[in-house]
Amino acid sequence: MKKSVNIVVEKASKGFSAYVPELPGCITFGDSLGEIKENIREAITLQLEGMKEDGEEIPFNLQEEFTIELNLDVAQVFNLYQSINSSGFAKRIGMSQSLLSQYVNGLKKPSEKQSRRILEGVVDFGRELSHIKI
Numbered sequence: 496m497k498k499s500v501n502i503v504v505e506k507a508s509k510g511f512s513a514y515v516p517e518l519p520g521c522i523t524f525g526d527s528l529g530e531i532k533e534n535i536r537e538a539i540t541l542q543l544e545g546m547k548e549d550g551e552e553i554p555f556n557l558q559e560e561f562t563i564e565l566n567l568d569v570a571q572v573f574n575l576y577q578s579i580n581s582s583g584f585a586k587r588i589g590m591s592q593s594l595l596s597q598y599v600n601g602l603k604k605p606s607e608k609q610s611r612r613i614l615e616g617v618v619d620f621g622r623e624l625s626h627i628k629i
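With the working numbering as the guide, the letters of the sequence shown map in order to residues 496 to 629.
None of these hints come from the bench; they were simulated from the model.
Being a predicted model, the structure only gives us computed values, none of them experimental.
Mixed in with the good hints, there may be bad ones.
What the hints assert, rightly or not - 27 Å max Cα-Cα, derived DSS-like pairs, lysine-lysine:
#	residue 1	residue 2
1	Lys586	Lys603
2	Lys547	Lys497
3	Lys497	Lys532
4	Lys604	Lys506
5	Lys608	Lys498
6	Lys604	Lys586
7	Lys603	Lys506
8	Lys586	Lys608
9	Lys509	Lys604
10	Lys498	Lys532
To be verified - Label-pair restraints from in silico Cβ distances:
#	residue 1	residue 2	range
11	Glu551	Asn580	46 to 52 Å
12	Gln592	Gly529	29 to 35 Å
13	Asn556	Ile629	38 to 44 Å
14	Ser625	Lys547	39 to 45 Å
15	Ile627	Glu551	47 to 53 Å
16	Gln577	Thr540	29 to 35 Å
17	Val572	Lys497	23 to 29 Å
All residues carry an ideal CB built from backbone N, CA and C; glycine is no exception.
Put together the whole structure using the sequences plus the hints.
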């Protein structure tokens, strides 16, 4: 079973930056999430090669094949997918439009529970859309 590696993605002035918390200094940039995935995989590979050469211990989840999980915050998701209307989405998940707007605009940071609630709403919405035939 492949282990997963969490990648923290942040909005940069142009595009995105990403880093691997378990590998200090392993960072990359890209214009899209697809480019970030490619670039971070290459950065991880290079970093691991250097660590092996230097006799450093490789983190457990990076010792074999691994999958990459991109972690974005609420504001980044709504920035990236601007076609998701935050007021309609708030209504869909039963959240105050004002509160979700504050999360989207970076004025407030959602708690872990609120982040899960939003993510579950996004996943449910995506699942629903994937079953539509046109």
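Hint check:
1. Lys586 to Lys603: holds (19 Å)
2. Lys547 to Lys497: holds (20 Å)
3. Lys497 to Lys532: With Cα atoms ~16 Å apart, lysine 497 and lysine 532 stay inside 27 Å; holds.
4. Lys604 to Lys506: holds (15 Å)
5. Lys608 to Lys498: With a Cα-Cα distance of about 24 Å, the restraint between lysine 608 and lysine 498 holds, given a limit of 27 Å.
6. Lys604 to Lys586: Answer holds: lysine 604 to lysine 586 is near 19 Å, not above 27 Å.
7. Lys603 to Lys506: Holds. Lysine 603 to lysine 506 sits at ~16 Å (cutoff 27 Å).
8. Lys586 to Lys608: At roughly 17 Å apart (the allowed maximum being 27 Å), lysine 608 and lysine 586 satisfy the hint.
9. Lys509 to Lys604: Cα-Cα ~22 Å, so holds.
10. Lys498 to Lys532: holds (16 Å)
11. Glu551 to Asn580: 46 to 52 Å: About 47 Å separates the Cβ atoms of glutamate 551 and asparagine 580, which means 46 to 52 Å holds.
12. Gln592 to Gly529: 29 to 35 Å: holds (31 Å)
13. Asn556 to Ile629: 38 to 44 Å: Because 40 Å falls inside the window, the suggested range holds.
14. Ser625 to Lys547: 39 to 45 Å: holds (40 Å)
15. Ile627 to Glu551: 47 to 53 Å: Holds, since isoleucine 627 and glutamate 551 (Cβ atoms, about 49 Å apart) stay within the stated range.
16. Gln577 to Thr540: 29 to 35 Å: The hint (29 to 35 Å, Cβ to Cβ) holds, given that glutamine 577 and threonine 540 are roughly 33 Å apart.
17. Val572 to Lys497: 23 to 29 Å: At 24 Å between Cβs, range holds.
The structure is consistent with each of the numbered hints, conforming to all of them.
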